[in-house]
Amino acid sequence: MNPEEFFREITLRICSSLDIKVVLTRCFEYLELHFPLDEIALDIYDSQLSAIRRIAHVAASGKRVDEIVPLPENVWNWVRNLTEPMTMTASTDLPVAQATAPLVMREGNSDLVVPLSIGKKKIGLLILRAYGDEKYERKHLNLIKIVSEPFALSLSNALAHEELLNYSNTLLDDNTFLQRELSSGLDEEIVGRDSGLRNVMDMVRQVASLNNTVLLVGETGVGKEVIANAIHCSSTRKEAPFIKVNCGAIPDSLIDSELFGYEKGAFTSANKDKRGRFERANTGTIFLDEIGELPLPAQVRLLRVLQNREIERVGGSKSIALDIRVLTATHRNLEQMIREGKFREDLWFRVNMFPIFIPPLRQRREDIPALTRWFVRRKSKELGLRKPPAIVPGALDRLVKYDWPGNVRELQNVIEREIILFEGGPLEFRSLLPGSEELKSHSFHKEPNLPEPVRLDEAMALHIGKVLAFTKGKIHGPGGAAQFLDINPNTLRSRMQKLGIK
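Counting in our numbering, the sequence shown runs from 520 upward without gaps.
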């Protein structure tokens, strides 16, 4: 066959598509007219894995092959130093023949192996296979050699295209994730910044432009997440991602994969790589709410992140460098937890670089009227009301005098329930304030009617069941059973499982 015509025909097919599988199929259809050929494949060298990775394969039978073949060090070096096309069979007396047998050969097959490189960079292999022994001759070697460079360019372009698609998918994934995060109120207004939260906001202004780790301390519902938002939005990272993680809402078995991500194959359902929250926050800020709920093993890995600014995915061995700022928050006494052996002292020293205490609502009652107006306006807008409902005289005073053990979150819930129930009418806050006659009359607050005697587990199961009935099955979040029982949601789930509560 005329070598120039062969080169031109193969090159035309290589340049016909960016899809490497389409290219290889068109080349297969042409090559089988001139070569003994039953299969053709393109493989790349994966230096990270010291392996050959198959990226495209065409076979007359349509059968599948292994995608990755790890190589011993001596074979890896031999393959990388291959410079000329060669033929192989299953009986070929070379280390590479045995090591790559799952990928390039089977008993009774002949393989024509062509190394592909661009300049001095060796990128992979082109493999032609014919069923039967000794199918390839010197003329086949000489002919395929003249198209090794176009195949190398095609392989290189395919890798660049694959990388571009992966980058595009990463951006799409990030955009979807961040849109979800933004919908939770990144730029939420801080009510009380010039009154009850004045000292807090002074500290926010001092630390926002720095890269220090910040610990926000305060009771549940005081607005720690809102203050974390303010720090991020006032920092030099404000245009970068702001990723929020509630450490108490993630089951212990999922905490590592959620925070650090995982590699494909790390566990049964890991059918693709997944980036964790830390990777998503790269160049931006990550907010670890309820850091005191982290199990001790996760605390060790978090300590490494704070020390080295790098992570490893679950199932991976490669360290991934990060450029992030870490904000943390807790409602617990971490120093007491250290004494009890529940929180690492070395992690405490890392997160407590710049603590900010956020006072409970009962210590800044002057903010309650403004907060009430703000929540009324926001909920009215959500419900599509023409105008916010009025507040009857004396109702605001009742809100100010109440101690709000659930803080701002409890105030928000009470206001939203009142607006929904009164359907745009004047708001009185008589029946829905905690401690009111309506709530006291609810079965959840009545003395339990227990048989005598009763085991502790039975009493506990009955009480948890009543709380779940009151919350309509909701466990986590504002108004959830865990909040009423004042325990961690994961602890409640474990206790429910132990007691047989579904």
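Each hint should be verified, as a subset may be incorrect.
[Stated by the list, open to error] In silico DMTMM-like cross-links for lysine to aspartate or glutamate, where the CA-CA straight-line distance does not exceed 20 Å:
1) Lys641 with Asp713
2) Lys540 with Asp565
3) Lys837 with Glu548
4) Lys920 with Asp976
5) Lys906 with Glu935
Hints listed in this document are in silico derivations from the structure and should not be mistaken for laboratory results. Computed from a predicted model, the values in this text were never measured in an experiment.
Going down the list of hints, with the structure as the test:
Straight-line distance between C-alpha atoms of Lys641 and Asp713 comes to about 64 Å, which puts the hinted pair past the 20 Å bound. This hinted pair checks out: Lys540 and Asp565 have alpha carbons roughly 19 Å apart, not beyond 20 Å. As the CA atoms of Lys837 and Glu548 are separated by approximately 40 Å, the hinted pair breaks the 20 Å bound. Restraint check for Lys920 and Asp976: the C-alpha separation of about 38 Å exceeds 20 Å, so the hint is violated.
The hinted pair formed by Lys906 and Glu935 meets the criterion: a straight-line CA distance of about 15 Å does not exceed 20 Å.
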